[in-house]
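Asks: Just need the whole structure built from these sequences, with the hints factored in.
Heads up: the protein sequence lines correspond to chains A and B, in order.
Numbers given in the working numbering equal positions in the first sequence, counted from 1, plus 43.
Numbers given in the working numbering equal positions in the second sequence, counted from 1, plus 1.
In short, the hints are calculated from the structure, not lab data.
Quantities reported herein were computed from a predicted structural model and do not represent experimental measurements.
Incorrect hints may have been included.
[Unchecked claim] Some chain A residues judged to face chain B by a derived CB distance under 10 angstroms, without partners named: (1) Gln90; (2) Gly167; (3) Ala220; (4) Trp222; (5) Arg240; (6) Leu246; (7) Trp291; (8) Ala298; (9) Gly301; (10) Leu305; (11) Gly307; (12) Gly452; (13) Glu464; (14) Phe473.
[Said to hold, decoys possible] Here are the simulated SDA-like cross-link-like pairs (lysine to any residue), alpha carbons at most 20 angstroms apart as the crow flies: (15) B:Lys86 to A:Gly307; (16) B:Lys200 to B:Ala128; (17) A:Lys236 to A:Tyr169; (18) A:Lys63 to A:Val195; (19) A:Lys459 to B:Glu84; (20) A:Lys236 to B:Glu100; (21) B:Lys200 to B:Asp129; (22) A:Lys459 to B:Gly111; (23) A:Lys278 to A:Arg349; (24) A:Lys459 to B:Ala142; (25) A:Lys459 to B:His123; (26) A:Lys236 to B:Ser102; (27) B:Lys86 to A:Asp457; (28) A:Lys459 to B:Arg85.
Ideal placement from N, C-alpha and C gives every residue a C-beta, glycine not left out.
Listed here are the chains, written in short residue letters.
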Amino acid sequence: MNSTESNARAEQAEIDASAKWPVLVFFGSALVWLLLGGALQLIASIQLHTPTFLSACAWTTHGRIVPAAQNALVYGWGMNAAFAFGLWLMARLSATTLRHGGWLFVAAKFWNVGVTLGILGILGGYSTSFELLEMPRYVTLILLVAYALVGVWAVTTFSIRNTENVYASQWYLFGAAFWFPWLYAIAQIMLLKAPVRGVLQPLVNAWYVHGLYGLWFIPMALAAAYYFLPKILGKPIANYYLAPLAFWWLVGTTAFAGGSRLIGSPVPVWISTLGGAANFLLVVPVVVIAINLLGTLAGQTAALGRSITLRFILISILGFILASGLNFALSIRGFAQVVQFTLVTELRDWLILYATFSTAMFGAAYFILPRLTGREWRSSALVKAHFGSAALGVILLTVGLAYGGYVQGQMLADAKVPFGEITQALTFWFAFRSVGLLVLLIGHVAFLINFAWIACPICSNETETAQFRTPPALNLPKAHAAEGHA
Amino acid sequence: MKNGLALFLGVFAILGLSWAGLLLSAHRQLGSLSQFKDPVEETLYPQPLSGLANQGRLVYQDLGCVSCHTQQVRHEGFGSDIERKWGQRASYARDYIRESSVLIGQSRIGPDLRNAGSTELHSYADADYFYSLLYAPQSVAPGTNMPSYAFLFETHALAGRQPSYGAIKLTGRYAPAAGYEIVPTARARALVAYLQSLKDTYDYPTERNLNAPAETAKEGGH
Chain A
44 MNSTESNARA EQAEIDASAK WPVLVFFGSA LVWLLLGGAL QLIASIQLHT
94 PTFLSACAWT THGRIVPAAQ NALVYGWGMN AAFAFGLWLM ARLSATTLRH
144 GGWLFVAAKF WNVGVTLGIL GILGGYSTSF ELLEMPRYVT LILLVAYALV
194 GVWAVTTFSI RNTENVYASQ WYLFGAAFWF PWLYAIAQIM LLKAPVRGVL
244 QPLVNAWYVH GLYGLWFIPM ALAAAYYFLP KILGKPIANY YLAPLAFWWL
294 VGTTAFAGGS RLIGSPVPVW ISTLGGAANF LLVVPVVVIA INLLGTLAGQ
344 TAALGRSITL RFILISILGF ILASGLNFAL SIRGFAQVVQ FTLVTELRDW
394 LILYATFSTA MFGAAYFILP RLTGREWRSS ALVKAHFGSA ALGVILLTVG
444 LAYGGYVQGQ MLADAKVPFG EITQALTFWF AFRSVGLLVL LIGHVAFLIN
494 FAWIACPICS NETETAQFRT PPALNLPKAH AAEGHA
Chain B
2 MKNGLALFLG VFAILGLSWA GLLLSAHRQL GSLSQFKDPV EETLYPQPLS
52 GLANQGRLVY QDLGCVSCHT QQVRHEGFGS DIERKWGQRA SYARDYIRES
102 SVLIGQSRIG PDLRNAGSTE LHSYADADYF YSLLYAPQSV APGTNMPSYA
152 FLFETHALAG RQPSYGAIKL TGRYAPAAGY EIVPTARARA LVAYLQSLKD
202 TYDYPTERNL NAPAETAKEG GH
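Replies: Structure, rendered in structure tokens:
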């Protein structure tokens, strides 16, 4: 280890120390929500094949459990995990410590109080019934203020960066940090504060939902992939010069793709046509990103076997490609008219939230947390259980929702099939989904136990101190040395 | 990429353009859509909900019915909505302008409800049907996976009195024990009023051609 390297290590250790508690708090809350949301999701899924399950009480009726589960997963797990990961990565890539982290506790507190109140509001009957905006109006301001703190911290950390270059992961993080509050505030104003009329409401809702998935969760997952691949493999991103093109093209077209959700709806046809065209154009950046990421991974089977982070990131990349493919397919009128409103549309969003985003966050956590706490993951069996259940769950649910949804669509399209028969035929697939969700939930419990052993001040006393291999030095050709792989 | 300002401006422009291009231009096109006055009937369509039905809309919203039910009829040739008798015609943007929250939905685990209250399409869909459906879904729709909304009803002991005016009629295994009656609460009555109000009966002459399938070019024609 020469002196520049040890300097770099010392600097990283200082950054990690400054980010330790905010990251642990955000990630810990995220995990609690992941389990809670997963349990609610499982209940909702069971209710579809066993309708009497928990139907006696208004608080647990299916129509309330579904949005409560979705909100817990998106705002509880998804946003908290993204905050933890995003703040840490922004500090690392900007080569600067996370200053005044105490304020981030305030943000974490308010955010989680807001989400809790919102979900209780949904269960208590104050849902607005707008997709992903179901939380009652009284939590909007709490969430926005809490987010403002996090967003300002991310952007400030970026603007006091000590690096020459801005790396791909930073574009995605920076963009997402700006897009979310705008999307959320505009949707709140146009739907709840000063509602627009008629079918403009579903349009605003579709624009928001598509933006949240495409301009928040996907950028977070890609930021992780662009960072961890070169970091762990010690080689730069393949064809990195294409990455800026992919970034601008991806986010620029995604921003217009929201209308594709309204195909066949009573809105002017140009809206869904524009959305469909945007989804077609997305093929280019998805291919470029695949070249970037899979090209970097090509031939690195041994490294994949060694690194749990890489394996999770690989699932995330495949999930992203699959989700983009499904989005593309759902813009084709012939396909959309069959599978619209079925389990396949549910699969589209699930692929982004779980297969793309959540797996990337798991991968990131396995890398980040030992470095922040200085401790090893205590149980490698639990790590394996988590990865195994995530991989199995992703396969089960993708197959189940795709095939079950296609069967559902085929039957719906045939007017001679009575509706009751469709329900009967789907019972198997609903049960199949419950099994898939249960598999995922088991993995999440395994992860939570390991997390407690590494992060909780009391339970982690007996956990071994981590020994890190020096990360492989980036083999940058001189010309690329300025590309800013921090 | 080195320039933080360029990044910021690009990020800002993308969202601004998408907002203006998608939401603002749709608003320009549809925001001032007005009711249509039928020249013969001299009535404005679409008509507003009754007060009770409007309360029922809030119950519909609060119970999350939108999780499983859509409220949009797709046009002939795009799915089987019309053949399934979910509507006599496709839904138009104008149908929704009087609704304070428009829940067109995105899942059809249950059937579409845009015309659930239309007795022309569903001759059985009277108030009794909806009460039975909500209290014990299996009693009128065997095999359905709709949950029971029994919590919207109260069970009263008759104690020798005549059954109440609003008591719901249930037979067989779903009927209450002898000497008891099932009475809908105010919320159930509002919800049923809302469901019965769901029907787009009026066909706007201005919109009639909008959703017709495009004419196929005749052979040899231009």
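Asks: Going back to the hint list, which numbers does this structure go against?
Replies: Those not satisfied: there are none.
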